[in-house]
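Novice: Got two chains here, separate frames each, mind docking them using the hints?
Residue numbers (this note's numbering), protein chains in the order written: chain A, 1 to 579; chain B, 1001 to 1164.
Calculated from the structure, these hints are not laboratory results. Idealized CB from N, CA, C, for every residue including glycine. Hints are not guaranteed to be accurate.
[To be verified] Calculated from the model, a selection of chain B residues having no Cβ within reach of chain A, i.e. all distances over 12 Å:
no. : residue
1   : S1016
2   : R1049
3   : V1069
[Stated by the list, open to error] In silico DSS-like cross-links for lysine-lysine, where the CA-CA straight-line distance does not exceed 30 Å:
no. : chain 1 : residue 1 : chain 2 : residue 2
4   : A       : K571      : B       : K1137
5   : A       : K84       : A       : K124
6   : A       : K571      : B       : K1014
7   : B       : K1012     : A       : K37
8   : B       : K1014     : A       : K37
9   : A       : K161      : A       : K128
10  : A       : K284      : A       : K487
11  : A       : K222      : A       : K207
12  : A       : K489      : B       : K1145
13  : A       : K124      : A       : K161
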Amino acid sequence: MVELTINNIKVKAEEGMTILDAAKSVGIAVPTLCHLKDLIPSGACRICSVEVEGQRGLIPSCAYPIYEGMVVETNSPRVRVARKTIVELLIENHPQDCLICVRNGNCELQDLSEKYSIREHRYKGEHKDHAVDISSASLERDPAKCILCGRCVRVCGEIQKVGAIDFINRGFTSIVSTPYNKGLNVSDCILCGQCILVCPTASLREKSSLKTVSDALNHRKKYTIAQIAPAVRATLGEEFNMPLGTDVTGKLVTGLRRLGFKRVFDTNFAADLTIMEEAHELIKRITTGGTLPMFTSCCPGWVKYLEQNYGDLLENLSTCKSPHEMEGALLKSYFAKKMGIDPKDVFVVSIMPCTVKKYESARPELNVESLTEVDAVLTTRELVRFFNIAGIEFADLGESEFDNPLGESTGAAAIFGTSGGVMEAALRTAYYQLTNTHLENVDFEQVRGLQDIKESTISINGLDLNIAVVNGIGNAAQILDEVREGKSKYHFVEVMACPGGCINGGGQPIHQKIDKVIERMKALYEIDKKMLLRRSYENESIKKLYAEFLGEPGSHVSHEILHTHYIDRRKTRKIVNPK
Amino acid sequence: MHENIFDHYEKKDKSSLIPLLQDVQAIYGYLPEDALQEISDYVGLPLSRVYGVATFYNQFRLTPLGKNVVRICRGTACHVKNSANILYSVETELGIQAGQTTRDKLFTIETVACIGACSIAPVININEEYYGRVTTKEIPKIIKKYRSEVQKETASGKVTEGVK
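The shape of chain B in the complex, shown without the other chains (with noise of 0.2 Å):
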């Protein structure tokens, strides 16, 4: 692993913990297993707590993110107006369930407690996009449109795989 990681801490120093873990995760994008070993070894922690404190925290991240992040607004402007239904019709349509990604690493669902956007509740947001007044009709068209995209990029020759 980059070594420069280790070199702002101390060893042996649990405090550094958290830091060190965000630091990798800026890195890879998520936790890999043996990135959290060697924080293990280095803070001088069982990895068994290393991994507690890395799925205590919802901001860490154990799996790679994909190409796509769909994000489901879960505030409560959007719940009043079935973001439920969104999700679970989202979950359905890429057969994951929130906080996971596809095997094709194209998808990864994510929910939000607020996306600050409630005067057009239900909301999802796709990478850069924004989806207000969804409806669970609509779902399957707006994932197709990525899935689409990416074919695109397939047949022009791009790289399809997802953010590692």
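Isolated chain A, as found in the complex (with noise of 0.2 Å):
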């Protein structure tokens, strides 16, 4: 332990901490900007200075570690200038549109310029100009909004270990970019959102889809229909003050309805009918001896990582679509049929935690009688806004029921949004599938919780399954490696690109909360742990989609409506000979 003393308070710290963590531990708050938790500190913005006795600068606190007998000062007239300095240098070559900005009264930015009550201009400088890039189909990144607090490029490179972004150029003309300043369609990027989540400004966004899906609700002829994701329901009243991890599935679909949607179905029971099909194509598999180890194929950022950078290993990924193209397609196709409606004429929205999915949902092998199976994705920050464009008071809504047959959910499903749970849901089936009995105890603790990587070996009959699951897609290397040089054990990866799964997707509520993700998590295990069914085998809606309409998991007709391939997106280097 090592003593010191901040702003007169003695304070007794353990040794290696660094003086913002000593002062928080003792409720003094010291503004940041570039800090992010858990990463080594860059300390680039230097808005956490504070004055240490005998030293000639100011320190940034954020990276400056604590030693006996030191003395600090966070809040003398030397260091409130100084951070005033910064916020309005920072401030001067901003754009000046905060009225008319997605992320206007959720701005780290706008925050301090409020704390240090900034009230003129006292610097006039020449403006950075850059044009928004608006190229890829989920993100818009926006060079003259941004900070170069560097949040986003350690999040890409350090914990997705993507590496899509970094700083380009120097001194004034430096900005966070791609290389050679290209669109994001054409870089490393895997379209996670992850650097939405850290931006303390609106330099990095989702691609709105608000206006597409308003007019297709008012267009008379379309049938619009919505379908929620598991991880939406536990993260959505967060945005309307309501504690963290409470589920709102009731209210989002009166919501819903309201807004004018004429159905309301669900992602999960999609996420039940892939875990028929990929508890199935797993056994097939393994009794068969095709590709090892299977890897799960929900998360569309994982499968855009694994195209970019593995493209030999596709053969290993699960052929079944991700839940919400699956419903998309059931839609445009089972239920059209159902109720005598042109598909042409459905308009299927998926409200999402994810950005990867908007990408997603645009790519042309994703399709149904050449419809695409979704036809807009919203996130959850944007369904949000609709609600409130729309006048609708979230938190007094009434609950009501999903629309049937394709509203009814197991337990199984509904922790599809978490790290781990996709795999709890296949165990449970594939145990049944292969034993023809029923699992008593359906809680796998091995696979949940936050490690980067959980593995596990599970006796089925007699057979030991290896498992892996992958949380974030920065631990994916690894076992992606040894499954290329041939010496992986498992049986079965999953793989969630955002880390915690999709409760801490890109399209997810912003704000810096640091036990967000485990609230989150227990509030979709807790949805699990109530339902009366908790195996993906027992829905019966389920049961009557196979009677009526595919026939059996892995028939033909599943395999033209609910499974796809993917496509090899390596770069192809051609090789340059000096002259």
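Specialist: Here it is as structure tokens:
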């Protein structure tokens, strides 16, 4: 333990802590911008500067370790002036369009400006002028709003280990961008949107589909259908000041009906269906000597990563479409036929915690009878905006049930939104498909939680199933390299690109709460626990769907409608000969 | 690419990034896009990081040099003697900006912090030759001289393309 003084308060703190953390432990707030928990401090923004006795200059508290007898002042006039100046300089080179900005009211730069009572422009200087990168289907990158804190660069490079963006050029011309300043669509980006979650301003944001959706709702011929992803119901309440991890399923259904959707279905239904197909595929691969390990294919960010970096391992990827695409495919075939609607008039909107789903829904190989399966994807944040525009007081809404037949689901589907969930759901059904008996204890605690890689061996009927759950795309490479070298012992591997899974997806509410992922995770496991049916094959609507339409898992019809193929998107490199 | 460039460096060693960039530039005269990609694979850093480093340091070029390199001194003495306007008139004359190369690959403009000939400021330097006390009026004439040399070479059948 080290003893130091901060603002005349005696503080005891562990050795190796930074001044910032020591100050926080006694309730002294120090503002930060470039700081990201658990990553090596970069000390780039200097907003956390403090005075340390005996030091000439101001010290960035996020990057400076404490020592015995240290005397720190976090609120001296010199510190206040320095911080205010930093904010003033940042604002001066930032577009003054807060009123029409997507992050209005949820912007760290705006908050700092308010905190330091900045009421005038003291500096006048040259302004950055950069075009907005709208090339990708999911994300928009606006370098003019960037304050160069570098949080996106570090999340992309250090946590996700994708490294699509970095600082380029230097001095006044430096920006965060892709190599050669090209569009995100041709970069290494997997569109996971983790950068949006850490961006303090609106420099990174999702591409909005609100207008498309609202036009469809106003179109008299369109039969609009909404479907809700498992992870959205556990997070949307946060935006309406409900406690973390509140389950708002019932309110969501009511809200979507009020927006004018003719039918509100549950992506969880399709998640159950995915499990039926995926578990069947896994067992088939194991028993007939197919390519192993099999990778889950629910996460489009992960699929994109594999296509771009490990195009030689596409055989390992399950051919199952992701749940919301399955739901869309069924809506435009099975459901439309049943209701006597022209599939062309069916307009499917997915409410997703994810930015990559926007890109996924535009993939040309994902269509049914040359119609896109999902016509628009709204993120959790966009739906909140839609509710606000429509004057829907979300917190006061009553609860209602999903429409049927594509709205019924089991507990296994509910946990799809968290890391380890798809694995757990698949195991419950695979057990039944292999042994024809019901699994008594359906809780697989070993695949739950926030560890980077969760691995386990599960014995079913004498078959030892080696499984791994990869939490966050940054941890995928080591398993993939093993597979490439033929050394992998696994049979089944689940990967979700976002750390924690979809509950921490790029389309989720933005705030820097530390324990938000755990709380959201708990909410999903709680939903699962409360369900009467917790195994996908017990879903009555699924049974009916197979009896009426699909036949059996892995049948010809389900291959036509529920399975897809992938494309090797590795860069072809040509070799240049020097002259 | 030259296999032997990589031979001097260990694979996946991040610290060899800058020496590798220098070696590649020594061979090509600039850093071709494919070379950056190969270096990125070799040292195990994302292309964005390699590109970031290449654009951070002034010593690295991402475009080939032209046949004639026009260097304009932007040191203090030259600045006082109006070198900003000299630069501007060279840029206007060639239709490109400092750091760029003309489409016909004949001219590249570079700025230099100080050429070391302050007594004859403002100075510009083209290839081996120095021009002291230049005025904006003289610029078109000087550029023309290099253009006509190229034309002469073309007439006599010599290759005119710029250095690659």
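Novice: Hint by hint, say whether it matches the structure.
Specialist: Here is how each hint holds up against the structure:
1. S1016: 18 Å, holds
2. R1049: Violated, since 5 Å does not exceed 12 Å.
3. V1069: 18 Å, holds
4. K571/A x K1137/B: 50 Å, violated
5. K84/A x K124/A: Holds, because 16 Å separates the two Cα atoms, which is no more than 30 Å.
6. K571/A x K1014/B: 22 Å, holds
7. K1012/B x K37/A: Satisfied, since the Cα-Cα distance of roughly 27 Å is no more than 30 Å.
8. K1014/B x K37/A: 25 Å, holds
9. K161/A x K128/A: 29 Å, holds
10. K284/A x K487/A: 21 Å, holds
11. K222/A x K207/A: 23 Å, holds
12. K489/A x K1145/B: 72 Å, violated
13. K124/A x K161/A: 38 Å, violated
Consistency with the previously given hints fails for numbers 2, 4, 12 and 13, ordered from lowest to highest.
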